[in-house]
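2 protein chains.
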Amino acid sequence: MANSSCSDVKVLGAWPSPFVMRVRIALNIKSVKYEFLEETIGSKSQLLLQSNPVYKKIPVLIHGGKSISESLIIVQYIDEVWSSGPSILPSDPYDRAIERFWAAYVDDKFFPSMQLINTAQGEEKAAKVEQVTEGLVLLEEAFQKSSKGKAFFGGDRIGFLDIALGPMLGWLRAIDKMGGVKLLDEVKTPGLVQWVESFCADGAVKGVIPDIEKLLEILEKMKGN
Amino acid sequence: MANSSCSDVKVLGAWPSPFVMRVRIALNIKSVKYEFLEETIGSKSQLLLQSNPVYKKIPVLIHGGKSISESLIIVQYIDEVWSSGPSILPSDPYDRAIERFWAAYVDDKFFPSMQLINTAQGEEKAAKVEQVTEGLVLLEEAFQKSSKGKAFFGGDRIGFLDIALGPMLGWLRAIDKMGGVKLLDEVKTPGLVQWVESFCADGAVKGVIPDIEKLLEILEKMKGN
Numbered sequence: 001m002a003n004s005s006c007s008d009v010k011v012l013g014a015w016p017s018p019f020v021m022r023v024r025i026a027l028n029i030k031s032v033k034y035e036f037l038e039e040t041i042g043s044k045s046q047l048l049l050q051s052n053p054v055y056k057k058i059p060v061l062i063h064g065g066k067s068i069s070e071s072l073i074i075v076q077y078i079d080e081v082w083s084s085g086p087s088i089l090p091s092d093p094y095d096r097a098i099e100r101f102w103a104a105y106v107d108d109k110f111f112p113s114m115q116l117i118n119t120a121q122g123e124e125k126a127a128k129v130e131q132v133t134e135g136l137v138l139l140e141e142a143f144q145k146s147s148k149g150k151a152f153f154g155g156d157r158i159g160f161l162d163i164a165l166g167p168m169l170g171w172l173r174a175i176d177k178m179g180g181v182k183l184l185d186e187v188k189t190p191g192l193v194q195w196v197e198s199f200c201a202d203g204a205v206k207g208v209i210p211d212i213e214k215l216l217e218i219l220e221k222m223k224g225n
Numbered sequence: 001m002a003n004s005s006c007s008d009v010k011v012l013g014a015w016p017s018p019f020v021m022r023v024r025i026a027l028n029i030k031s032v033k034y035e036f037l038e039e040t041i042g043s044k045s046q047l048l049l050q051s052n053p054v055y056k057k058i059p060v061l062i063h064g065g066k067s068i069s070e071s072l073i074i075v076q077y078i079d080e081v082w083s084s085g086p087s088i089l090p091s092d093p094y095d096r097a098i099e100r101f102w103a104a105y106v107d108d109k110f111f112p113s114m115q116l117i118n119t120a121q122g123e124e125k126a127a128k129v130e131q132v133t134e135g136l137v138l139l140e141e142a143f144q145k146s147s148k149g150k151a152f153f154g155g156d157r158i159g160f161l162d163i164a165l166g167p168m169l170g171w172l173r174a175i176d177k178m179g180g181v182k183l184l185d186e187v188k189t190p191g192l193v194q195w196v197e198s199f200c201a202d203g204a205v206k207g208v209i210p211d212i213e214k215l216l217e218i219l220e221k222m223k224g225n
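Chains A and B are the protein sequences, given in the same order.
For what it's worth, UniProt numbering labels the leading residue of the first sequence as 1, then goes sequentially.
For what it's worth, UniProt numbering labels the leading residue of the second sequence as 1, then goes sequentially.
Same chains, same label: a pair holds when it works inside one copy or across any pair of copies.
Derived pair list, reagent style BS3-like, types lysine-lysine, alpha-carbon separation capped at 27 Å:
#1 56 / 221
#2 66 / 148
#3 57 / 128
#4 206 / 148
#5 109 / 128
#6 148 / 56
#7 109 / 56
#8 33 / 57
#9 150 / 188
#10 66 / 150
#11 145 / 57
#12 109 / 57
#13 66 / 33
#14 109 / 214
#15 125 / 56
By construction, these hints were calculated from the structure, which means they are not laboratory data.
Construct the entire structure; sequences and hints are all you get.
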């Protein structure tokens, strides 16, 4: 299944969504061409409702007419179907389990706190900042253990956990730049500060993670609401 | 890695936990002997705190001194490490994605509602019963599609989604028996009613899912608190 025509692979998404970015990065790693179907924020297309009837959420990957939902599940599917690029998950079962553990942590704990920092106020904001900071310290430790001095969680190349966390930290840099908080910190999280630079400069990521200015515009709008 | 001595594999758990049951069923499928270290409800052992410092929760699998947490991640690890029994995940990537999707649904949506039925009252209880019933109807549809007329989600043999859902429905039967609600229903979910019987009678499951009377005792205690 190394060759797929572009029309055979579709991604339902929206460019600012970090979950959609994961899917696009994974497809780029495998050099799979795909059609990107942009959903309008605030409304849901018929195709989305049909393709993901349980959650009605992006991203959805449609491959040969079959739909797959939930970004981390899609990334694993892409890794298993296409051998047209390097493996995304590590080959060792223990390393795979560790990357799956931290990827689930990003979705279950880290992102929900991070998402609220921008709009929360006062004590609630302080609590969210503390949660995110604790999460970053844990992820820094995981990075030091996994990367073993190399550029990525996955070693020399971007892997599963890089893809899971990278799009979130793209947003985190924008939140930091907006002011008021300093989350990514060279003292507490020196590895992650360097890692996010390597990640955003990678060939599979370029063009997927938007310029920080575009993200700042969205944050301003969210704050205004 | 087909042979492991018993002392090489440990499970930190507690017998009533459906998440712990998943791990034990997966090890049984692979005929892996293990030492079961029962945690006392309400306190956490030093070994648990060291082995799962992020969540401090059971189950934890300790294999050759390395710890793995989160039940669905552990089941995938077991499947990848031991070839001493049938595969737990399907071989087709799309089928794997579908089973992963529904297993995550069980953890994220189904179980949290189910858990509250026993203790909730009035309107809250009615809402939880409705959510669980909706979930069961979705899972019935998934069962009809996946099993293709066979006994299990995985076909002729117990697979990943069977392991994810089975221990929850063991509890659901106890909730039904306790009275007041009727969740597993032969009209709405005929496939699941039959499936839960096949599941509980399977060789890898027997002795792991407790007798309904033992579960009823725990439900009564929870209600009393």
